[in-house]
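Given the coordinates of chain A, assemble chain B onto it according to the supplied hints.
Next come the chains, spelled out residue by residue.
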Amino acid sequence: MKQTPEKRNALRDTPWLDPEQTPHVQLLDIRKNYGDFTAVDNISLDIYKGEFFSLLGPSGCGKTTLLRMLAGFEIPTQGRIILDGEDMSAVPPYARPVNMMFQSYALFPHMNVEKNIAFGLKQDKVPKAEIQERVAEVIELVQMQKFAKRKPHQLSGGQKQRVALARSLVKRPKMLLLDEPLGALDKKLRQDTQFELMAIQEKLGITFVIVTHDQEEAMTVSSRIAVMDHGRIVQVATPTQIYEFPNSRYVAEFIGEINIFQGVVENSDSENAAIISEEAGCRVETGRSTDIAENAHAWVAIRPEKFDISTEPPSDTRVNCMQGEVWDIGYLGNLSVYHVKLDSGKMAMAVRTNRARSIESSITWEDRVYLSWHPSAAVILSN
Amino acid sequence: MSEQNEIGFISNDPPHRAPGPIGSLHASLLAYTPYRWLAGKLAASGLRVRHLVIAVPYIWLLLFFLAPFLIVFKLSFSEYRIAIPPYAPIFEFIDQTYLQVRLSIDNYRLLFQDSLYIQAYLNSVRVAGISTLLTLLIGYPIAYSMVKARPRTRFILLMLVILPFWTSFLIRVYAWIGILKNEGLLNAFLLKIGLISEPLSLLNTDIAVYIGIVYSYLPFMILPLYANLEKMDMSLIEAATDLGCKPVPAFWKITLPLSLPGIVAGCFLVFIPAVGEFVIPDLLGGPDTLMIGKVLWTEFFNNLDWPLSSAVAVLLLLLLIVPIVLFQRHQQKTAESH
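Chains A and B are the protein sequences, given in the same order. If you're matching positions, the first sequence starts at 1 in the numbering used here and goes up one per residue. If you're matching positions, the second sequence starts at 1 in the numbering used here and goes up one per residue.
If you are wondering where the hints come from, they were derived from the structure by calculation, not from laboratory data. All of these numbers come straight from a predicted model, not from anything done at the bench. In this text, a Cβ means the ideal position worked out from N, Cα and C, and glycines have one as well. You can trust all of the hints, since none of them are fake.
Quick list of in silico lysine to aspartate or glutamate cross-link-like pairs, DMTMM-like style, CA-CA up to 25 Å:
id: 1; chain 1: B; residue 1: K148; chain 2: A; residue 2: E74
id: 2; chain 1: A; residue 1: K115; chain 2: B; residue 2: E238
id: 3; chain 1: A; residue 1: K125; chain 2: B; residue 2: E238
Listed below are several chain A residues computed to face chain B (Cβ distance under 7 Å; list not exhaustive):
id: 4; residue: F73
id: 5; residue: P93
id: 6; residue: Y94
id: 7; residue: N99
id: 8; residue: M100
id: 9; residue: S104
id: 10; residue: H110
id: 11; residue: F119
id: 12; residue: G120
id: 13; residue: Q123
For reference, chain A alone in the conformation it holds in the complex (with noise of 0.2 Å):
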């Protein structure tokens, strides 16, 4: 199939829907046993160039064996790891061109920021003047250059931070690997931080792999995630997909806040699939099919930001519509967060932008409010 160049070009951003790009580093059919136990469970994934691609889950759930596995420190018990079309499972971690950045950010103490930069390149017997400009490079890239004769227990955390990327960085690898990098640092620079990762990222053009367990981080920076659980991939999307599509309710829980309502489905083959909940009290229409089976047994997932929550009653209180009474607000400045106690008697969460500068709010405790919402706001799923 050929495509024009006005759609190649839009693909160009995500690679993954173009059936003419290969892969960058393919994950054929891996899997890790330690003994008994599974740590990864037969993962197929492949990452593109240039992408900034998040393992994303709780601890435990294999994300890091993944990750040190593509990086040569642990052996795949099955399957292979192609990157740029090498076949790299049985390349020892020193030989691929692949570098890491550690948790711990694992800077050598006993020398300075640039000796611990040009460890990379003196390895690799790079002449003295080339380690020397291309170390004073990325300590630029990284502006840490009022820092190049200090040694690491002399740095702050995000200095640290700063340093250990510089060194995996100077390398020029095909495939950069982040190990909770940012874990360590406080929420106000993480964040910052975050950005200029991706600054850095889009600059240099390498494709970088970050393992989180925070999934905002991961929402901020990647281009993809892949949602893991018990060594298994659940769901490789782009953050929005993966926030507003969940696949299933384990990926719909573990990204942020959502309502969950048990209920059946009811016309399935129709292009407004609905389901009737007793839980949430209505029926919930959803404008799209859905391909499980009528009658059958569903949950529908409505995120807490979609819900418009009043006082007074919607024109059909019938259709997507959750009638309680108002058991708890947080007041978090910019939104405000309502739990309210359904009919049903199930707790349902909303939360409302504080658009308007009022001390009052319209709504208090103990009032009978109405949760209502657009059709395409609700998300069935099945188990």
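Below, chain B without anything else, positioned relative to chain A:
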């Protein structure tokens, strides 16, 4: 002014700081009149009860280390004579009018004139130095493999290193006689497997002394090395490998330099006691084994020359002060850099 301020114990501390165990003990003891009286008297002379607590180990050191040394030091300047005790007094009243002070430096002169002593000193340093090197070469791999072992195995290995301390040092050295002698275990084994046709004479040689010292002092090398290597972040080795360094060079470039504090500590802990070692060269060494500890023993017990043996002891101490001071400074430096 509060009561506590009068007594001057807590007054200099910032008010928000919770008193430690000694501080709270002090506070509760203040309820008793004798203690209040003591604390009050101390405060009047600018002291605190805390000083008294610290004074205990100092007084101990003064009584049992400094005082005996001063006695030995004084003895080293007196003259030998056949009497009981076998030395001439330094201070003597003559005609109940004059105080005669007779300080002899003959003992020290002899130490430098008779090559036996210099030889013994140098030989001790050489034996201790070579033994230290051997303990390092044997101890490092042991400590390294202990750190690499699984936690359970690690504990067992650590126990095996410490276990010999539960037996008398003397008995362990005696045991080596049984192993090393001509009809001993080692020779019997080597003869049996046919590696040698007649027994090796190991006992009463320098080799036996080296074996004895290395065996006895190995734990002092292994334990500081183990403590050091255990703290090392293993991701550093991974980082080095990741940056293109093969495992063996990574050991030389990362592990070894970072374990230097452990190496230095272990070497001093072996070298310092090994220089003055007496039991091992006496039991395992031969008549030719010349070590200063043995010379000291001979002078003191066989020749009964207390003044000369005191001079030997003083010079040995001076000889050891250099490495001890170096060791102290090294410890301080590593403590500061952490």
